[in-house]
Amino acid sequence: MLERERIIEIVLAVSSVLLMLGAMIGIGYTYGGDGGVLSQDGAELLVGAIIGFIVLLTAVGIGLAYILNDPDDGLDDADAQSAV
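So the sequence shown is residues 8 to 91, counted in this note's numbering.
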């Protein structure tokens, strides 16, 4: 059985990827032209969606690091890690 923290990480990662795929599909349907060519507005939105995805994953990673950090495990103390 997976740990609670691992399940939270998996759910957030899969949700973020599905959100990105949904945005890309939506942009493609809305701004796609004949022959599968994306219009200039659609291309700009697609670049924005990719940048937004990078920012979203960065925020999710920072949020997970903050929320899932257990202060009792000693990982945030550099001296505790080097002590034998």
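By construction, these hints were calculated from the structure, which means they are not laboratory data. As the structure is a computational prediction, the values presented were derived from the model and not from experiment. Hints are supplied without guarantee of correctness; some may be wrong.
Unchecked claim - Computed Cβ-Cβ distance ranges for the label pairs, DEER-style:
1) 43 with 15: 57 to 65 Å
2) 50 with 16: 31 to 39 Å
3) 71 with 44: 35 to 43 Å
Even for Gly, the Cβ is constructed at its ideal location relative to N, Cα and C.
Hints not upheld, ascending by number: 1
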